[in-house]
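2 protein chains.
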Amino acid sequence: MPKLDSVDLFYVSMPVVEDISDGSQDALLVRIAAGGKVGWGEAEASPLPSIASWIAPMSHGFCHPIASSVLGETIDSPADIARIGARVKRRSLDILQTDHTLSGIDEALWDLLGQLREEPVWRMLGYRKSWPKTPYASQLFGDTPEETRAKAARVAADGYLATKFGWGAFGLGAVKQDADHLMAARDGLGPEGILLVDAGCVFDDDVERAAKRLPALKAARATWYEEPLDRDALGEYKALSKRTPKVKLAGGEGAYTFLMAKQMMDLAGLSFIQIDAGRIGGITPAKAAADYAKARGVTFVNHTFTSHLQLSASLQPYAGLREHELCEYPVELKPVAKAITKTMLARDKNGQVAAPDAPGLGIDIDVDALRPYLIDVSIKVAGRSLYETPMLRR
Amino acid sequence: MPKLDSVDLFYVSMPVVEDISDGSQDALLVRIAAGGKVGWGEAEASPLPSIASWIAPMSHGFCHPIASSVLGETIDSPADIARIGARVKRRSLDILQTDHTLSGIDEALWDLLGQLREEPVWRMLGYRKSWPKTPYASQLFGDTPEETRAKAARVAADGYLATKFGWGAFGLGAVKQDADHLMAARDGLGPEGILLVDAGCVFDDDVERAAKRLPALKAARATWYEEPLDRDALGEYKALSKRTPKVKLAGGEGAYTFLMAKQMMDLAGLSFIQIDAGRIGGITPAKAAADYAKARGVTFVNHTFTSHLQLSASLQPYAGLREHELCEYPVELKPVAKAITKTMLARDKNGQVAAPDAPGLGIDIDVDALRPYLIDVSIKVAGRSLYETPMLRR
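From first to last, the protein sequence lines stand for chains V and U.
With my numbering applied, the first sequence closes on residue 399, and no number is skipped along the way.
With my numbering applied, the second sequence closes on residue 399, and no number is skipped along the way.
Derived by calculation from the structure, the hints in this document are not laboratory data.
Quick caveat: nothing in here was measured; it's all calculated off a predicted structure.
Do not take every clue at face value.
Intra- or inter-copy, both count: the list cannot distinguish identical chains.
Straight-line C-alpha distance at most 25 Å; calculated BS3-like pairs for lysine-lysine [unchecked claim]:
#: 1; residue 1: LYS243; residue 2: LYS94
#: 2; residue 1: LYS181; residue 2: LYS251
#: 3; residue 1: LYS299; residue 2: LYS134
This is chain V alone, in the form it adopts within the complex (with noise of 0.2 Å):
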């Protein structure tokens, strides 16, 4: 049975970040190797605090270093991915940081064993196809509704059957304002296209505020109203979704367990659940999450704002769904982030995208494209060196 042989975190960075909502700017990138083979991952979101839970010095049973949770285990099956998985948030059950990092863990572990199997990891998951999923371009909306017109008929003129809007200005201001927003987005983007609104949890517990702006998004089609509210606020969702039974709630991307994003479908009235398999902890517990939806009938999305392979990563929970067929698709991706695979998930022709049928995520990364953007790191801790940068290998 493999033992793993090394578990590598890099933190790759654009040499400039700059203060937008752009999550393509940097990555938590974790390489596992073992039994001749490599997988990668990728973790959500600040590499450094992420890097730190990895190191930790123990701060009580239920506060060990990730670290020490992971590294001489053994992989021979999925069964092994989920126990080294329980075993980190039984053991690092009280650093809040924990399922961001196991996140990129359980990645690579299913990346690993994917190319030790020479599997799919959607199959691996038990799916027998991986059906093509129409991708949504996600974009900010324009300063003046001229502007959002001009944006959605650009990704309509580029093939794009579906397009999201979000932040920006949208629920600072006026309803009006936000109304004529949607309504030049409608307008660009044809009566065919698929319009998703992203309110990027703008009303905080506000159920009035966020439903002022049902009566617009029901005239603009809408086909979904995207966190309206704090990620926490279960309930208020709830009483938001009774309001609206013409615009159906989406969210889940602040969900970092599974059983959150269960309670997100139980008690929040949600149409739809966008999973980060990045933040989630990782594809484990993403497809957990996909299981349960399809059961629930609500609707699978992958939640996607970096690379590829975090692409590939959020495809394969719900590759087998065939009528979960919308796709966060990020499209402006900042050099460091498209430098991370040599693999790029292209569009079809007939404008959809699917999770690779290769061993693994089927996402080959390209270390020496990677290389300008590794960020050296180094903590020390009571005169230990507890981490330094890894050598970038293939």
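Add chain U to chain V, keeping to what the hints say.
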């Protein structure tokens, strides 16, 4: 209006940390100075990831280093503390570790404001009096029922009116074995003592296994059944609460935002909400949780397993709620946790403890006693030193 002159984070630890569930073996202390005064706070848990979140280079617009939202701010009233906290939360929304780190900062800001105004924190929170609370002594179940009986008898003899047993083998073996321990605890405690039981999340999301212990809990007249299930399993807690009209559920230590605590009260059927000011984001969200608990008829209790600095911080949010009278009281602190404070919140002649009637948190920090436990940390990123353990000053 006083500007924050300095914000320093200190990692202190026992030289050897044991693999036991004792949270007093290390601490992250926060010292903030302004207007010639100093305030102190403490953040749970795992100091290194929290230090990393304080100085982590920006990943994107919602992943700023926490320091960038605090340094240079001004403090003149409670509204400034709320403003700084909201700024941290918004600008570091996507760093999972944020709320744990913020806890220590918020506590230090309240202590500082109290020093500047010469007022106890509980008075600034709107309370007229700090009511004495009945402390309960927390301990692990014994290895045998006989040992559990002896432990219960010992704390009763030591004058405690309430005791909590938890963890150990509870829930891992036969129902009969748990029942024997519970009856032994009741026996040792005597008929009048308040018996609390902490299952340490041992049943995950399995309502049936958790429910099998209800008859024994009822027979032993346990006042609460704490954390039988995973912290995220809100719907499962609700289902369990319906099975147990005679045994009330307690939980909440895992809540790291006010809205999480609110959902636990709204959706999980808890009768007791246990809030750790060092985890939920500080005294500000803990007070919001106390207000909500009072309005909803849920009983608020502090969760504290570290120093008396943290004990004072966790007492403040419900100091004025006379009917919410239980209090978790750390009895067997490790030397490092004792060294933090000159002031210890001792039990009065009635065996009760109260938040001090003194400026701020009313706790003197013992800088000289603490110095031997200070851990040297050095974090360098891309050739720049981002954190070096600062000098420990009064």
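### Query
So which hints don't hold here, by number, going up?
Violated hints: none at all, because every hint is consistent with the structure.
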